[in-house]
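Student: The two chains are supplied separately, each in an independent frame; assemble them into the complex guided by the hints.
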Amino acid sequence: MGNAQEISADEEGSVELHGLASWWRSGPEWDAALAEVEAEDEPAQLNTANSAGGFNLVSLDKLSVRYPGHPHHAYDVGAVQADRPAPARRLLYYFEMTVDHAGAKGLLAIGFTPPGVKMCRQPGSVALHRERASELEHSTVFQFFCFRLRQLEHPTVFQFFCLEFWEENSCGYRGDDGMIYRGQETGESFGPTFAAGDTVGAGINYAAQEFFFTKNGHLVGAVAKNAKGPLFPTVAVHSQNEQVTVNFGKHPFLFNIEAYALEERTKQLSAIEKSILPVNVSHWIVRSYLLHYGYEDTLNSFDTATGDSFQPAGVVQENAIDLRDTYALNHRKTLRQLIRAGEIDSAMEKLQQWYPQTVQNETNTLCFLLRTQKFIEYIRIGELEAAVKFARAHLAKFFSIKSLGALLQNCIALLAYDQPAESCVGYLLDVNQRELVADAVNVAVLLTNSASNGRDGLSSRLEKLLRQLTTCCAVRRDLSGDQGETFHLHQALHSAGRRTSLA
Amino acid sequence: MMDIDPRVYEHIVVGESDVARIVLSYLVHSCFKETAESFMSCSGIKPTVDYLSNMEQRKSIFHFALEGNSLKAVELTEQLVPNFLEQNKDLHFDLLSLHFVELVRCRKYTEALEFAQKALTPFGKIQRYVGKLEDLMALLAYEEPEKSPMFHLLSPEHQQNVAEKLNQAILAHANLPSHSLMEKLVRQISVVRQCLQQELGKDSFPAFSLKSFLNN
Chain C
381 MGNAQEISAD EEGSVELHGL ASWWRSGPEW DAALAEVEAE DEPAQLNTAN SAGGFNLVSL
441 DKLSVRYPGH PHHAYDVGAV QADRPAPARR LLYYFEMTVD HAGAKGLLAI GFTPPGVKMC
501 RQPGSVALHR ERASELEHST VFQFFCFRLR QLEHPTVFQF FCLEFWEENS CGYRGDDGMI
561 YRGQETGESF GPTFAAGDTV GAGINYAAQE FFFTKNGHLV GAVAKNAKGP LFPTVAVHSQ
621 NEQVTVNFGK HPFLFNIEAY ALEERTKQLS AIEKSILPVN VSHWIVRSYL LHYGYEDTLN
681 SFDTATGDSF QPAGVVQENA IDLRDTYALN HRKTLRQLIR AGEIDSAMEK LQQWYPQTVQ
741 NETNTLCFLL RTQKFIEYIR IGELEAAVKF ARAHLAKFFS IKSLGALLQN CIALLAYDQP
801 AESCVGYLLD VNQRELVADA VNVAVLLTNS ASNGRDGLSS RLEKLLRQLT TCCAVRRDLS
861 GDQGETFHLH QALHSAGRRT SLA
Chain A
3 MMDIDPRVYE HIVVGESDVA RIVLSYLVHS CFKETAESFM SCSGIKPTVD YLSNMEQRKS
63 IFHFALEGNS LKAVELTEQL VPNFLEQNKD LHFDLLSLHF VELVRCRKYT EALEFAQKAL
123 TPFGKIQRYV GKLEDLMALL AYEEPEKSPM FHLLSPEHQQ NVAEKLNQAI LAHANLPSHS
183 LMEKLVRQIS VVRQCLQQEL GKDSFPAFSL KSFLNN
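Going line by line, the protein sequences match chains C and A.
Using our numbering, read the first sequence as starting at 381 and increasing by one per residue.
Using our numbering, read the second sequence as starting at 3 and increasing by one per residue.
Please note: incorrect hints may appear among the correct ones.
In silico lysine-lysine, DSS-like type, Cα no more than 25 Å apart, as pairs [unchecked claim]: (1) A:K48 x A:K74; (2) C:K654 x A:K134; (3) A:K167 x A:K74; (4) A:K120 x A:K167; (5) C:K777 x C:K730; (6) A:K167 x A:K127; (7) A:K91 x A:K120; (8) A:K110 x A:K149; (9) C:K713 x A:K48; (10) A:K74 x A:K134; (11) A:K120 x C:K654; (12) A:K91 x A:K61; (13) C:K654 x A:K91; (14) A:K134 x A:K91; (15) A:K167 x A:K134; (16) C:K713 x A:K35; (17) C:K647 x A:K167; (18) A:K91 x A:K127.
Some residues of chain C that are not near chain A, with every Cβ distance over 10 Å (derived) [as the list claims (entries may be wrong)]: (19) A708; (20) Q733; (21) N741; (22) A766; (23) A776.
No wet-lab data here; the hints were simulated from the structure.
Idealized CB from N, CA, C, for every residue including glycine.
The shape of chain A in the complex, shown without the other chains (with noise of 0.2 Å):
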C-alpha cells in the first residue's frame, strides 16, 4: 500500500527544534531516562517542563506493570503517591487483575482464587466491575484461558495498556502532559487522512499505514 507522495507536502517547512522536542517527549514520556539524557546532550535541547523529577520513579513503576509484575507497580505507585490508586479506582483493579491474570498463566488456580477473593472481589460492590469480575472468574473455568473469548486479558498489548494508563494517570496528577506530542501528532494525522479518505476517496488519502510511511 503505498503512502501519499512526498511531492505533495514537500515544500512545507517546519522548524528543526520543534521537531527534537517532539523526540524528546517521546522518550521522556515512556520513561527512557538515559537515552533521553543521551538525547539532550547530543543536541542540545532542553526539555520545557520538567519531567525528570519524576522520571525515576515512573519508569520503575512502569517497567514493571509492563514486566507482569504489578503488584510490585501498585506498592511503588503507592509510595510515589499516597492514595492515589484509591482515586483511580479504575486503574487499581485494571492493575490487581493483571496480577490475577499472571496467577492463571502460571496455572497457580488456588492462588488466583485466594487473591481474587481478597483483593478483587471487594469491588464487585460497584456495579461498573460486575461485568469485569465475572470475565475474570470465567478464566479459572477454562483449561486454556489462552483460548478462552477473554483471552485478550492475557495478551501482552492488554498489559502495554494498562501500564500506559498508569503512566498517563500518574503525569497528569504531577500536573504533566498525559500523553506525549509524539502521540497526539500520529493520532492526529490518522484522523485527519481518515476524514481525507472519507471525502477525496482511497486513493488520494489513503489510511495511514506505519509499514507504507516507513517505506516510503
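Chain C extracted, bound-state conformation (with noise of 0.2 Å):
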C-alpha cells in the first residue's frame, strides 16, 4: 500500500491496478496510512537515571518524583528530563508540571533542554565552593538548569554536578523570579512567579517557532525558539522534599490547548488567505478536472453557467487547456455512463467497436477490471449460476497471471457467502467499484490518443496539483528540521472543525 504508484502504462496500453486502487482507499486506510508515516515517539515519562541528584520516584508510572535532598546544604537543586524528546512533526507540543509540596526557595522550573546534557563532576577545595556558593546565591553566574550541592566523606570537599548545555537551545521557566531562562547568564523578565499548588506548563510552537508557557490554565507569553534540534521536556525542583507531578498528556490539560492550536492555524489559515489568488485557477483546474473524466454533460452545464455571467477578469491562454483533453469526451462520457449504470456489456461491445485496441489482448488489466466487474453485477443480482458460469468462460484465464491472482480470488470469494455485501470482500459490490472501472477505461482511451504523452495524460491536474502541494510541504518541513505539520489530503479534509479544516 505505501509504495502505490501513480498509474502507469504496461505494453498493451492498458492500466496498472495498484495505482488505481491506491485512490479508492476507504477512510480508516487513509489514516492508518497517514499514522505510519507521521508516526513519532512521545514523552510519556520522567527519566531520573539521567538526572542530577537522586530523585525518588513516588509514582510507579514515573510521573511524580520527590528530592529528597540532602539536609546539610543550602542548595539542593536537581533537574530532571522526560524520556523521550518532544515530537516535531505536528503543530504544538504541550506538556504541564504540578508542584505539589512546598520548598523554602522556589527554584522551580519548567522548559526544555537539549540532548547530550552532561553530568560534570569538578571537585574543588572547600574554600573556593564556599566562595563559589555563596557568589551564586546571590550571582547571576548561576546557570538555569544547573546544579546540586553534596557533601561527600571528606566535609570540605563539595561537588558540583551540572548539566551542561548548549547556549541558545534550552528555555526554561523559574518560578522563584518569573523569569525566562534561555542559556543565558542572565534571565529575562517574563511572568509571574510560581511555587506550591501551582500548575506550569511549558510547550513548543512549531509553527511560530516559539517556547510558550502557561500557569493554572493561563497563557504567561511566548519567546522565540532559535535552534532545531530534539528538545527534553524538563523540570527542576528546588528543595528537599519538593515534589512535582508531571502530565504528558495522560490527564487532560489544566490550559485548553486545543483552542491555542485553534488560534495558532487560524493565524496561519489567514495568512494565506491573504495572500494573493491567481486569477481564474480554480476555474481552469475544475473544467481540465471534467475533461479528463469525461464528464461532458457536467463540462456543458458549467460552460454554459460560466459563459453567461462570468467576464474572467484576466486572460488565460485560450490554449490553456490542451486539445488532448477533450479527446474523446463524448465516448468517454458514454463509457462511464454505461459503466456506473452496471451496464458491463454494453460497455464492452462500445469499447470494441470504438477502441479495439484497449480490448484487444484478452488478458490485460482493462478486460480483467470489466470481466471482475461483470462477475460482480451477476453477484449483486443474485445469479449465482450464471455468475459461475460466467467465471468458467472467462475468468478463468486470469488465474494463471501472478499478479491477478489474489484480485481474483477475493472476486470468486464472493460466492462463498450468503451475505456477500456484508462480508470481508463486500466492498466489491460496492458503487465505487464500478467508479473504478469507469476511471479505468477513460484512462485507457485517453491512452489511444497519439498526441497524449504518455503518463502525463494519466492525472488530471488538480490531482497533480495535489501531489505538488503535498510534497512541497513536505519539503518545506524538511527545510524546518522536519519541525511541524505537512499537507496529507485526506486529513487536511477530515480534520475537525470547520475553522481549521479546509472543508
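Tutor: Right under this line is the structure:
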C-alpha cells in the first residue's frame, strides 16, 4: 500500500492496478497510512536515571518525583528530563507540571533542554566552593538548569553536579523570579512567579517557532525558539522533599491547548487567505478535471453557466487546456455512464467498436477489470449460477497471471457468502468499484490518443496540483528541521473543526 | 516558464473521492447549481455540508452583483438575511459604490450625484469611509473616469471582488465555509512554493503560475 505508484501503462496500453486502487482507499485506510508515515514517539515518563541527583520516584508511573535532598546544604537543586524528546511533526507540543509539596526557595523551573546534557564533576576545595556558593546564591552566574552541592565523605569537599547545555537551545521558566532563562547568564523578565499548588505548562509552537508557557491554565507568554534540534521536556525542583507531578498528556491539561492550537492554525490560515489568488485558477482546474474524467454533461453545464455571467477578469491563454483533454470526450462520457449503471456488456461492446486496441489482448488489466465487474454484477442481482458459468468462461484465464491472482480470488470469494455485501469482500459490491472500472476505461481511452504524452495524461491537473502541494509541504517541513505539520489531503479534509480544516 | 518537474511528485498518492470533493466544493461555492447537480449524479459524490439550502438565492445575488446590478443584489440580500448589510457596513458600502460607479460609467452624472448624496454620504460620518467616498466623488471630475487614478473602481476585477466578498459573507453567516477548498488549496500551493523559492532559489521551485502548470 505504501508504495502504490501512480498509474503506469503496461505494454498493451492498459492500466496498472495498484495505482488505481490506491485512489479508492477508504477513510480508515488513509488514517492508518498517515499514522504510519507521521508516527513519532512521545514523552511518557520522567527519566530519573539521567537526572542530577537522586530523585525518588513517588509513583509507579514515573510521573511524580520527590527530591529528597540532603539536610546539610543550602542548595539542593536538581533537574530531570523526560524519557523522550518532544515530537516535532505537529503544530504544537505541550506538557504540564504541578508542584505538590512546598519548598523554601522556589528554584522550581519548567522548560526544555537538548539531549547530550552532561553531568560533570568538578571537585574542588571547600574554600573555593564556599566562596563560589555564596557568589552563586546572589549572582547571575548561576545557570538555570544547574547544580547541586553534595558533601561527600570529606566534609570539606563539595562536588558540583552540573548540567551543561548549549546556549540558545534550552529554555526555562523559573518559579522564584518569574523569569525566562535561555542559556544566558541573566534571565529576562517574563511572567508571574509560581510555587507549591501551581500548575505550570511549557510548550513548543513549531509553526511560530516559539516556546510558550502557562500558569494555572492561563497563557503567560511566548519567546522565540532558535534551535532546531530535539528538545526534552525538563523540570527542576528546589529543595528537599519538594515534589512535582508531571503530565505528558495522560490526563487533561489545565490549559486549553486545543483552543490555542486552533488560534494558531487560524492565524496561519489567515496568512494564506491574504495571499494573492492567481486569477481564474479554480475555474480552469475544475474544467480540466471534468474534461479529464469525461464528465461531458457537467462540463457543458459548467461552460454554459460560466459563459453567460462569468467574465474572466484576467485572460488565460485560450489554448491553456490542451486539445488532448477534449479527446474522445463524448465516447468517454458514454462509457462512464454505462459502467456506472452496471451495464458492462454494453460498455465492452462500445469499447470493442470504438477502441478495439484497448481490449485486444484479452488478458490485460482492463479486460480483467471489466470481466470481474461483470461477475460482480451477477452476484449483485443474486444470479449465482450465471456467475459461475461466466467465471468458468471468462475469468479462468486470469488465474495464471500472478499479479491478478489475489484480486481474482477475492472476487470469486463472493460466491461463498450468503450475504456477500456484508462479507470481508463486500467492498467489491460498492458503487465505488464501478467508478474504479470507469476510471480505468477512461484512462485507457485517453491513452489511445496519439497526441497524449504518455504518463502525463493519466491524472487530472487537480490531482497533479494536490501531489505538488503534498510534496512542497514536505520539502518545506524538511527545511525546518522536520518540524511542524505537513499536508495530507485526506487529513486536511477530515480534520475536526470547520475553521481549521479545509472543508 | 517551466513548472515543477512532475517526476518530483508523481509518486504521491491522493484519494479520488477527496479530489472530487474539492471540485464539488468549488461548484457549490460559486453557485453553479446545475453543474453541481450534474456532477453529483455523474460521479456519485455527495456534499458533506448542506450548501444546497441557500444556493439558489446565493446564486441570484452573486450573479446580480457580478453583472453590476448591485441594487438588486442588495435587495435580495436583505430578503435572504434581514439586517445583514447593516451588520456588514463595509460590504454594504462597497455594493452601493458599485451602483454609483455603474452610473458614472454610463455617464449619468446627475443621477450618480443624487444617488451618492442619498445613499453614500451618510457613510461619511464614519471616519474610515471618508477616503473611499472622496475617491468615488473624484470620479465625477473626470471626462474619462477610466483614465483617472481611480480607474480600478471601474474594473471588472473590482466588481468580481465585491461579488465574491458578498458571497463569502453570506456563506459565513449560514455557518458554511466561506472559501472553497479549491481556492484554499491554490492559495496554499502558491504560498508554499513562494517559501520554497525564498529558501531554495528560483530554479528548483518557481513561483506558481497557472499557465505553466496547465501547460506542463
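Student: A cut-off of 10 Å on Cβ-Cβ distance, and N741 of chain C was said to be off the interface with chain A. Does that hold?
Tutor: Holds: least Cβ distance 26 Å, greater than 10 Å.
Student: Hinted pair, alpha-carbon criterion (25 Å max): K167 of chain A, K134 of chain A. Please report holds or violated.
Tutor: OK: K167 of chain A and K134 of chain A at ~17 Å, within 25 Å.
Student: Tell me if the straight-line CA distance from K654 of chain C to K134 of chain A falls inside 25 Å.
Tutor: holds (21 Å)
Student: Within a Cα-Cα threshold of 25 Å, do K91 of chain A and K120 of chain A meet the stated pairing?
Tutor: holds (16 Å)
Student: Is K120 of chain A close enough to K167 of chain A, meaning Cα to Cα at most 25 Å?
Tutor: holds (24 Å)
Student: For K120 of chain A and K654 of chain C, compute the direct alpha-carbon distance and say whether it is at most 25 Å.
Tutor: Roughly 34 Å separates the two Cα atoms, so the pair is violated.
Student: Checking one constraint from the list: CA of K167 of chain A to CA of K74 of chain A, max 25 Å. Satisfied?
Tutor: Holds, at roughly 16 Å.
Student: Could you check that no beta carbon of chain A comes within 10 Å of the beta carbon of A708 of chain C?
Tutor: Label holds. Min Cβ-Cβ 16 Å, cutoff 10 Å.
Student: Would the hint linking K134 of chain A and K91 of chain A be met if the CA-CA limit is 25 Å?
Tutor: Roughly 13 Å separates the two Cα atoms, so the pair holds.
Student: Is K110 of chain A within 25 Å of K149 of chain A, Cα to Cα?
Tutor: Holds, because 17 Å separates the two Cα atoms, which is no more than 25 Å.
Student: Just want to verify: A776 of chain C was marked as not at the interface with chain A; is every Cβ pair farther apart than 10 Å?
Tutor: holds (30 Å)
Student: Measuring Cβ to Cβ, find out whether Q733 of chain C lies farther than 10 Å from everything in chain A.
Tutor: holds (22 Å)
Hint compliance for this structure: hints 1 and 11 are broken, all remaining hints hold.
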